[in-house]
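S.K.: Given the structure of chain A, go ahead and fit chain B with the ligands onto it with the hints provided.
Protein chains in written order, with our numbering: chain A, 192 to 384; chain B, 40 to 412.
Simulated from the structure, these hints should not be mistaken for lab results. All C-beta atoms in this analysis are idealised placements derived from N, C-alpha and C, irrespective of residue type, glycine included. There's no promise every hint is true.
Covered by chain B, according to a simulated footprint, are these stretches of chain A (three or more residues, beta-carbon under 8 Å) [to be verified]:
#, stretch
1, 192–202
2, 206–219
3, 318–324
Subject to a maximum C-alpha distance of 20 Å in a straight line, what follows is the list of computed SDA-like cross-link-like pairs (lysine to any residue) [stated by the list, open to error]:
#, chain 1, residue 1, chain 2, residue 2
4, B, Lys-293, A, Ile-197
5, B, Lys-90, A, Lys-193
6, A, Lys-267, B, Thr-96
7, B, Lys-234, A, Thr-204
8, A, Lys-193, B, Lys-337
9, B, Lys-234, A, Ile-206
10, B, Lys-234, A, Ala-201
11, B, Lys-336, A, Pro-329
12, B, Lys-337, A, Pro-331
13, B, Lys-222, A, Pro-331
14, B, Lys-293, A, Ile-206
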Amino acid sequence: MKRYIIDIWAAATTILGGMGITLVHLFRAKNDNVTLQYPEERWPRPDRNIGFDHSNYNVIRSRLHVDMDDCIGCLKCERACPVDCIKIETEKVPNRGEDIKEIGHVGVTSNGSRKAMVVTRFDIDMTECCYCNLCTYPCPEECIFMTGGPNSDKHPIDYEFSEPNRNDLIYRFAKPGSREGMAKIISEQKAEV
Amino acid sequence: MGVVHGQEMVLNIGPQHPATHGVLRLQVKTDGEVVSEITPYLGYLHRCFEKHCENVTYEQVIPYTDRCDYLASMTNNFGYVVAVEALMDIKVNDRVEHIRVIMAELQRIASHLLGLGAFGLDVGAFTPFLHMLRDRERILDLFEMTCGARLLYNYMWVGGLSHDLPVGFVESTYNFLDYFEPKIDEFVNLLVHNKIFVERTADIGRMPQEVAVSYGVTGPNLRASGVKWDLRKNDPYSIYKSFEFDVPVGEGGKGSVGDCWDRFYVRVLEMKESIKILRQALASLPKEGDIHQSIPKKIRPPKGTIYKRTESPRGDLGYYIESDGTNIPYRLKMRSPAFTALSVIDEIAAGWLLSDVLAILGSLDIVLGEIDR
Ligand code: SF4
Ligand code: SF4
Chain A
192 MKRYIIDIWA
202 AATTILGGMG
212 ITLVHLFRAK
222 NDNVTLQYPE
232 ERWPRPDRNI
242 GFDHSNYNVI
252 RSRLHVDMDD
262 CIGCLKCERA
272 CPVDCIKIET
282 EKVPNRGEDI
292 KEIGHVGVTS
302 NGSRKAMVVT
312 RFDIDMTECC
322 YCNLCTYPCP
332 EECIFMTGGP
342 NSDKHPIDYE
352 FSEPNRNDLI
362 YRFAKPGSRE
372 GMAKIISEQK
382 AEV
Chain B
40 MGVVHGQEMV
50 LNIGPQHPAT
60 HGVLRLQVKT
70 DGEVVSEITP
80 YLGYLHRCFE
90 KHCENVTYEQ
100 VIPYTDRCDY
110 LASMTNNFGY
120 VVAVEALMDI
130 KVNDRVEHIR
140 VIMAELQRIA
150 SHLLGLGAFG
160 LDVGAFTPFL
170 HMLRDRERIL
180 DLFEMTCGAR
190 LLYNYMWVGG
200 LSHDLPVGFV
210 ESTYNFLDYF
220 EPKIDEFVNL
230 LVHNKIFVER
240 TADIGRMPQE
250 VAVSYGVTGP
260 NLRASGVKWD
270 LRKNDPYSIY
280 KSFEFDVPVG
290 EGGKGSVGDC
300 WDRFYVRVLE
310 MKESIKILRQ
320 ALASLPKEGD
330 IHQSIPKKIR
340 PPKGTIYKRT
350 ESPRGDLGYY
360 IESDGTNIPY
370 RLKMRSPAFT
380 ALSVIDEIAA
390 GWLLSDVLAI
400 LGSLDIVLGE
410 IDR
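Chain A on its own, in the form it takes in the complex (with noise of 0.2 Å):
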């Protein structure tokens, strides 16, 4: 009967004590709050103030974005993903350096490389990205990063990047008809020889 009764009273003050905290919480809700209405307000990424050289970090995890103009097709991103999901193919330029009209090609970066390669296909497919950042690292030319990154004023933050359809998470960077430029100007050469 003893028991019984310490039993209760064990009972009725433990939870009482946890219903305390709960009622505490209650009137520290203001000032303690964590839920967002997450389309309107969004959670405040975390200061990334790193107080040193940023060229080298890319302390960011989002969806890739190349700069077209500044790759000059040497694989090194290709090779370092662990998961295969960048694929490229390029094509010998005719004239090292030589911008190529036609195609939109850049012949020099912005770092002052002189191409020697046209990438007639970049494609990155997000949906089997794993986002773990290996390829920006070995970038010679820094053009393959992840938006919002400190190299990247020009591509703000993009983690929403949702789609309907799966397809269209292929992210093509490659310029739009490079490769039939190319094409056509590689038979172009072998009818001039």
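M.R.: Using the frame of chain A, we list chain B with the ligands on its own:
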């Protein structure tokens, strides 16, 4: 069970069931409410981790290790890089070691928070789960600040780290610790001494010391059975030797040693120890030191094999790596602590009621991503 046999019924729990913490199927033989035999069926989450690793380079394995124990990715990275570094004989500088320990201990707290919350959820306590997730978010914010990712970090690299600590990280971590330390007592009040919770867990699913040892159970589950075994103390890796902390063991505070309540409480105490380590590591964090200093140009370990184990939040996480001198591992085997923890379930849960089985499963704190790999 006893002599009287009613009609036995075979019941499937899972694969899609909120109490199985992932996709796990438990085939349970029940006699009324009493469970006589439990057979776990695995493989619903099998992703060929080990086979994948034989096809990608050593750097590219790291994102895959992230996805094994997805609640404690930092410690998975940690175990792997420690193993490769031992194989290649790389010494990393003091700053890197400190940052790694800080990350691993933060991850331990985060993982325990989720484990404890989910355990509470399994026995019907919903509020503590929300409290714990709220605090876990703060740790994930710290991680996001450091490497941009909240769950799967790819942060520790062979020979270093991907990023240095951002400005303000140390202060933010101190702020978090100051905020979090009193919160632990709040959890204790909410759940640990709560009579309903105690009734559901004390004396339930007792794991005797011999059973735990013979099944190879490690980590908090083993310590709850009263075995003082922690690789950070018993086989120190990294710089754990230089920190002072205790190894909490189960003492049977509410029931007997090694029951569900003990497994819960040991984790609570471990979070306190992690805070101790964190404070020491933050205080002694060297200001100087290049985190990319010892990253090798090419990771090509010499021919040979290595087995290295580290203490992940779930226990003894081992990596066996066989290298044939190329940049791709010839064989990589992972010893997962959650797997051994699950293997013991038939031993400790048989004879209990059906609802207790779920409490026992929750108290083992398994992660299916790591069991199936
Ligand atoms: S982030 Fe990782 S998975 Fe995604 S494309 Fe880059 S290397 Fe591949
Ligand atoms: S590493 Fe950079 S330059 Fe090279 S192919 Fe990839 S995006 Fe282009």
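S.K.: Are the hints correct? Go through all of them and say.
M.R.: Now the hints, each set against the structure:
1. 192–202: n = 3 at 8 Å, threshold three: holds.
2. 206–219: With 5 residues closer than 8 Å to chain B, the stretch 206–219 of chain A meets the three-residue bar; holds.
3. 318–324: holds (count 4)
4. B:Lys-293 x A:Ile-197: holds, 15 Å
5. B:Lys-90 x A:Lys-193: violated, 62 Å
6. A:Lys-267 x B:Thr-96: Within the cut-off at roughly 14 Å; holds.
7. B:Lys-234 x A:Thr-204: holds, 9 Å
8. A:Lys-193 x B:Lys-337: violated, 73 Å
9. B:Lys-234 x A:Ile-206: holds, 7 Å
10. B:Lys-234 x A:Ala-201: holds, 6 Å
11. B:Lys-336 x A:Pro-329: Judged against 20 Å, a Cα distance of about 11 Å means the pair holds.
12. B:Lys-337 x A:Pro-331: Status holds; Cα separation ~17 Å.
13. B:Lys-222 x A:Pro-331: violated, 47 Å
14. B:Lys-293 x A:Ile-206: holds, 17 Å
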